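Kindly generate the complete structure, drawing on both the sequences and the hints.
2 protein chains.
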Amino acid sequence: MKSELLTLLMEAAPNYISGQAICEKLNCSRTAVWKQIAQLKEEGYEIKAVRNKGYLLAHSSVPFSGHAVKAKLNCRILPYQIIFSSSLPSTQTKALRLATDGAEEGTVVIADQQTGGRGRLGRAWSTARGTGLAMSLLLKPDIPIHQAPQITLVAAVSIIKVLRKIGFDAKIKWPNDILIDNRKVCGILTEMQADPDRIQTIILGIGLNVNEQEFPEAIRNSAVSLSLINKEELSRTDIAAGLLNEFETDYQLFLQKSFSAFKSRWEEYSATLNRNVSVLHNNQMIYGQAVSISNEGVLKIVDESGKEHNIYSGDIEIH
Amino acid sequence: MKSELLTLLMEAAPNYISGQAICEKLNCSRTAVWKQIAQLKEEGYEIKAVRNKGYLLAHSSVPFSGHAVKAKLNCRILPYQIIFSSSLPSTQTKALRLATDGAEEGTVVIADQQTGGRGRLGRAWSTARGTGLAMSLLLKPDIPIHQAPQITLVAAVSIIKVLRKIGFDAKIKWPNDILIDNRKVCGILTEMQADPDRIQTIILGIGLNVNEQEFPEAIRNSAVSLSLINKEELSRTDIAAGLLNEFETDYQLFLQKSFSAFKSRWEEYSATLNRNVSVLHNNQMIYGQAVSISNEGVLKIVDESGKEHNIYSGDIEIH
Numbered sequence: 001m002k003s004e005l006l007t008l009l010m011e012a013a014p015n016y017i018s019g020q021a022i023c024e025k026l027n028c029s030r031t032a033v034w035k036q037i038a039q040l041k042e043e044g045y046e047i048k049a050v051r052n053k054g055y056l057l058a059h060s061s062v063p064f065s066g067h068a069v070k071a072k073l074n075c076r077i078l079p080y081q082i083i084f085s086s087s088l089p090s091t092q093t094k095a096l097r098l099a100t101d102g103a104e105e106g107t108v109v110i111a112d113q114q115t116g117g118r119g120r121l122g123r124a125w126s127t128a129r130g131t132g133l134a135m136s137l138l139l140k141p142d143i144p145i146h147q148a149p150q151i152t153l154v155a156a157v158s159i160i161k162v163l164r165k166i167g168f169d170a171k172i173k174w175p176n177d178i179l180i181d182n183r184k185v186c187g188i189l190t191e192m193q194a195d196p197d198r199i200q201t202i203i204l205g206i207g208l209n210v211n212e213q214e215f216p217e218a219i220r221n222s223a224v225s226l227s228l229i230n231k232e233e234l235s236r237t238d239i240a241a242g243l244l245n246e247f248e249t250d251y252q253l254f255l256q257k258s259f260s261a262f263k264s265r266w267e268e269y270s271a272t273l274n275r276n277v278s279v280l281h282n283n284q285m286i287y288g289q290a291v292s293i294s295n296e297g298v299l300k301i302v303d304e305s306g307k308e309h310n311i312y313s314g315d316i317e318i319h
Numbered sequence: 001m002k003s004e005l006l007t008l009l010m011e012a013a014p015n016y017i018s019g020q021a022i023c024e025k026l027n028c029s030r031t032a033v034w035k036q037i038a039q040l041k042e043e044g045y046e047i048k049a050v051r052n053k054g055y056l057l058a059h060s061s062v063p064f065s066g067h068a069v070k071a072k073l074n075c076r077i078l079p080y081q082i083i084f085s086s087s088l089p090s091t092q093t094k095a096l097r098l099a100t101d102g103a104e105e106g107t108v109v110i111a112d113q114q115t116g117g118r119g120r121l122g123r124a125w126s127t128a129r130g131t132g133l134a135m136s137l138l139l140k141p142d143i144p145i146h147q148a149p150q151i152t153l154v155a156a157v158s159i160i161k162v163l164r165k166i167g168f169d170a171k172i173k174w175p176n177d178i179l180i181d182n183r184k185v186c187g188i189l190t191e192m193q194a195d196p197d198r199i200q201t202i203i204l205g206i207g208l209n210v211n212e213q214e215f216p217e218a219i220r221n222s223a224v225s226l227s228l229i230n231k232e233e234l235s236r237t238d239i240a241a242g243l244l245n246e247f248e249t250d251y252q253l254f255l256q257k258s259f260s261a262f263k264s265r266w267e268e269y270s271a272t273l274n275r276n277v278s279v280l281h282n283n284q285m286i287y288g289q290a291v292s293i294s295n296e297g298v299l300k301i302v303d304e305s306g307k308e309h310n311i312y313s314g315d316i317e318i319h
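In order, the protein sequence lines correspond to chains X and L.
Heads up: the first sequence at position 179 corresponds to 179 in full-length UniProt numbering, and the numbers run straight through without jumps.
Heads up: the second sequence at position 79 corresponds to 79 in full-length UniProt numbering, and the numbers run straight through without jumps.
Any given hint might turn out to be false.
Any copy, or any two copies together, can satisfy a pair, since identical chains are not distinguished.
Unchecked claim - Straight-line alpha carbon distances no greater than 20 Å define the calculated EDC-like cross-link-like pairs of lysine to aspartate or glutamate that follow:
#  : residue 1 : residue 2
1  : Lys165    : Glu267
2  : Lys72     : Glu248
3  : Lys165    : Asp303
4  : Lys140    : Asp195
5  : Lys53     : Asp142
6  : Lys140    : Asp197
7  : Lys165    : Asp238
8  : Lys300    : Asp197
9  : Lys53     : Glu11
10 : Lys307    : Asp195
11 : Lys140    : Glu105
12 : Lys41     : Glu246
13 : Lys72     : Glu11
14 : Lys161    : Asp250
15 : Lys35     : Asp195
16 : Lys257    : Glu304
FYI, nobody ran anything at the bench for these hints, they're computed from the structure.
All values derive from a computational prediction rather than experimental measurement.
Have a look at this one:
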């Protein structure tokens, strides 16, 4: 009931909601409401109670939590179930573990702090407490395994849409990075459990730099956070919920029409197309121009001699 | 030390091994040996102790266990680590869980009883206590994901080699079944954890019917056990160790040369090639003849109109 109560308070804010209204909506007694309000206050929520007006939640007081994210979801199709931890080695590993234990599609693991986060090819990705967004989403799409990389591209489009709505000029660096001002603000990590002929589970990991004020020396020039750009703190609750809301719609479209339905949006958001790039491909460094992306998400590079290369995966350097 | 002691006793049998020899090989005291022997006896091993001769293990008394299998391994490359349970829902799920927790290549899960075993496409596969062999092997091959199905075909070759050595005329039904007299004696289940562009972990599951005396009504005509064929009980310890020994060598060859190195052996063992078969392919039933397998493990079927179909996965029916 606490989660539903929090939702009502959030929906009502910045207005008061009466105790009577809460009782009716949650089908419970005044005393029960009063007890839950007291518990929420203990957890750090600032809630004003005024006779004849009711309860008012001070929105700025809402800590980042599973309840808070859940209250902002307007999803109707994917039954998101949020599992929030204050600290985890890796949301990705936790989600994989849950998948092995039979967790359902729509299970979302979020951690306030990530101590051993992973990026592509086993690279490290850290999320300091109280700053970044570390989220892993469990999906069970009924698609052949060669379509798995497309999920990364679709998620990139969803993320860009959310970031642009709140005013950031973000772009996609193929295949799995989001850049602002040519610096990395977000990485996507797609992993799967599969039979050789069909996907069982996809774990879609998103690591987004939100309120970080500084980065380790090694990545100081190549990484950026949203807060470093617009000089104010952002709500990770709003961003997490925004991403889940946006992705839900995009995921349904993807299942119906595959990546081809996202191709033109992806091209619009791309930081890679029509740029000079280099990429290590079959142990050979290719220098050329990224000219197009296929309906299957394969990047085409034309090298200096005019030869075409289809790149299925790899790290692109943009020149 | 118990495992090493058991290995020494097994290697010596049917001869005695002296307490002195054991002390020297294990670098321990007579008293320590005596204590360990007492423990093994408590666990059900029949061990004779005769003054001036030493200790003799009655081989027939060795229960199916991780120690017993380990003692029969002669592997030198893959550092097999055996995790034995008297009962598990599924060795495959247990191995996946271990993989998520960072288990190494060569981890082997064996269960005496499997209560919720899985086959391909989520089908059930049960292993009754004390009869069958349920084993899952964790591998970390550095190969692209499209090569994953080849591991199933290589494992099938290893299994056939072991079964033929002990006198069974077993054949491979593409892609993952082993048949004797056209009845299923063994199923292989290959699952993986992967990034979209590389395999992290393969879990190779083998379910072999060894000493089953009867099967559920639904599969009574299509399933068989080794014991039902040769009318005597077989040692699951010997078979499990034999499989691991054989597969170790084959796996190394596979990593160097891919499935192509196994193609002619596979053809020799095949129950599928040159047979009339049907298969559901892209929601359409194809009737035709299985004419060949490619170096990549893809089955080619020529249908009644002479059209060729490349089958990457699916259930074949042999007519």
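Okay, the hints, checked on the actual structure:
1. Lys165 with Glu267: within (18 Å within a copy, 59 Å between copies)
2. Lys72 with Glu248: Answer is within; shortest intra-copy Cα gap is 14 Å, inter-copy 53 Å.
3. Lys165 with Asp303: For Lys165 and Asp303, the Cα distance exceeds 20 Å both inside one copy (36 Å) and across copies (55 Å).
4. Lys140 with Asp195: both (13 Å within a copy, 15 Å between copies)
5. Lys53 with Asp142: neither (50 Å within a copy, 65 Å between copies)
6. Lys140 with Asp197: both (14 Å within a copy, 18 Å between copies)
7. Lys165 with Asp238: within (12 Å within a copy, 65 Å between copies)
8. Lys300 with Asp197: between (26 Å within a copy, 17 Å between copies)
9. Lys53 with Glu11: Result: close within a single copy only, 16 Å intra versus 85 Å inter.
10. Lys307 with Asp195: Intra 35 Å, inter 28 Å, cutoff 20 Å: neither.
11. Lys140 with Glu105: within (6 Å within a copy, 26 Å between copies)
12. Lys41 with Glu246: neither (31 Å within a copy, 64 Å between copies)
13. Lys72 with Glu11: within (9 Å within a copy, 67 Å between copies)
14. Lys161 with Asp250: Cα proximity of Lys161 and Asp250: one copy only (11 Å, versus 50 Å across).
15. Lys35 with Asp195: neither (49 Å within a copy, 47 Å between copies)
16. Lys257 with Glu304: Neither: 35 Å inside a chain and 33 Å across chains, both beyond 20 Å.
Violated hints, listed in ascending order, are 3, 5, 10, 12, 15 and 16; each of the other numbered hints is respected by the structure.
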